[in-house]
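Could you build all of it, start to finish, from the sequences and the hints given here?
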Amino acid sequence: MSIATKATTPVPDPTAPKGVAPEGRRRSTATIVATSITYAILVVLAVVYIMPFLIQVATSFKTDADAAANPVSLIPQTWTTAAYTKLFINSDFPTWLKNSVIVTVVVTLGRVFFNSLAGYALARLHFRGRGVVFAGLVAVMSVPLVVLLIPKFLVINQLGMYDSYAGMIVPLLTDAAGVFIMKNFFESIPASVEEQARIDGAGTFRVFWSIVLPMARPALITIVILSFQGSWNELAHFIISTQNPALTTLTKGVAGLASGQLSQGSQYPLKLAAAALMTIPVAVLFFIFQRRIMNTSEGAVKE
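FYI, my numbering numbers position 269 of the sequence shown as 623, with every residue one higher than the one before it.
Hints may be right or wrong, so weigh each one.
[To be verified] Ranges of calculated distance between the beta carbons of each label pair, as one might list FRET restraints:
hint: 1; residue 1: I404; residue 2: N587; range: 14 to 20 Å
hint: 2; residue 1: P425; residue 2: I395; range: 46 to 52 Å
hint: 3; residue 1: T432; residue 2: F407; range: 17 to 23 Å
hint: 4; residue 1: P505; residue 2: A423; range: 46 to 52 Å
hint: 5; residue 1: N587; residue 2: I395; range: 47 to 53 Å
hint: 6; residue 1: F407; residue 2: T434; range: 41 to 47 Å
hint: 7; residue 1: T434; residue 2: P406; range: 26 to 32 Å
hint: 8; residue 1: L513; residue 2: A637; range: 48 to 54 Å
hint: 9; residue 1: S620; residue 2: F643; range: 35 to 41 Å
hint: 10; residue 1: A422; residue 2: T383; range: 46 to 52 Å
[To be verified] Heads up, simulated DSS-like pairs for lysine-lysine below, C-alpha to C-alpha not over 30 Å straight-line:
hint: 11; residue 1: K440; residue 2: K452
hint: 12; residue 1: K506; residue 2: K606
hint: 13; residue 1: K606; residue 2: K452
hint: 14; residue 1: K506; residue 2: K452
hint: 15; residue 1: K606; residue 2: K440
In short, the hints are calculated from the structure, not lab data. Each residue gets a CB set at the ideal place from its N, CA and C atoms; glycine is no exception.
Rendered as structure tokens:
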């Protein structure tokens, strides 16, 4: 007589949700754990990144003694705005701010216009030596800026622009990186969008200004942010282009504060108050336009 053997079947887990296999539950648990670890790492990195800024803001409201005794404390023992009062009343900070605003606004507008023109010319116009010009553009991008300081000073001085707004602004009105960005973006726009305008009799500049440039809004916003940040934080160029105190910018002024320009002592609240005020415009501009930086899907055209 043969004994029939029955196949053993796994006993279902009564605690498992209905309709969810054990393998799927394990995968879900692993996914949750991996996501939690990822977010924990990102939070730690964010805290490490933002901590110096928080210390900077907190220290600007401290007294000199409190800042020296507790340099990394986020809560001042005595809240005071003495550092900000001293900046605006007992220093040339308003003059520095005015000069930085003038230079930054003019340079940003100039870079948006000239970088766009140069980028469009390299992307769309066919002329002899275009490849050489582009190669020179890439070569300039690879040269350290500090190498160009002495030649830049000699050119500014020779042209009679030293110690003037012209000497501070004109050399910064265009940059190789901006031209490179605009050229690549213009090349991503199909040439067919320009054909109808040319058929209607529009010239090259009209096509550029009325048809192509509005489509390049993401690249333009990128250039605005990079140009604003670069010219607002520029220091080396202003050192070699001016020496008149009336033309001092925020970067030069804050650098002077670091060497004890207004008084003796560490002056940590004073220095960090000036640094905090310098940070505000760039931070505001970035947070306003951050979602539109090189959003290549905007204005895309299908052939």
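Going through the hints against the structure:
I404 and N587 have their C-beta atoms about 19 Å apart, which keeps the hinted 14 to 20 Å range intact. A C-beta distance of roughly 27 Å is found between P425 and I395, which places it outside the suggested range of 46 to 52 Å. Range check, T432 to F407: Cβ separation about 21 Å, and the 17 to 23 Å hint holds. Distance hint check: the CB atoms of P505 and A423 are about 47 Å apart, consistent with the given range 46 to 52 Å.
The hinted window of 47 to 53 Å between N587 and I395 is violated, with their beta carbons roughly 29 Å apart. Between F407 and T434, the C-beta spacing of about 20 Å breaks the proposed range 41 to 47 Å. For T434 paired with P406, a C-beta distance near 21 Å fails the hint of 26 to 32 Å. For the hinted restraint 48 to 54 Å between L513 and A637, the CB-CB distance of approximately 35 Å leaves it violated.
For S620 and F643, the Cβ-Cβ distance of about 37 Å falls inside the hinted range of 35 to 41 Å, so the restraint holds. At about 51 Å, the CB distance of A422 to T383 agrees with the hint of 46 to 52 Å. Restraint check for K440 and K452: the C-alpha separation of about 17 Å stays at or below 30 Å, so the hint holds. For the proposed pair K506 and K606, the alpha carbon gap of about 18 Å is at most 30 Å, so the pair holds.
For a cut-off of 30 Å, the pair hint linking K606 to K452 stands: about 13 Å separates their Cα positions. Of the pairs offered as hints, the one joining K506 and K452 holds, with about 24 Å between alpha carbons and a cut-off of 30 Å not exceeded. Among the hinted pairs, K606 with K440 is consistent with the structure: their alpha-carbon atoms are about 17 Å apart, no more than 30 Å.
Hints 2, 5, 6, 7 and 8 from the list above are not met by this structure, while the remaining hints are.
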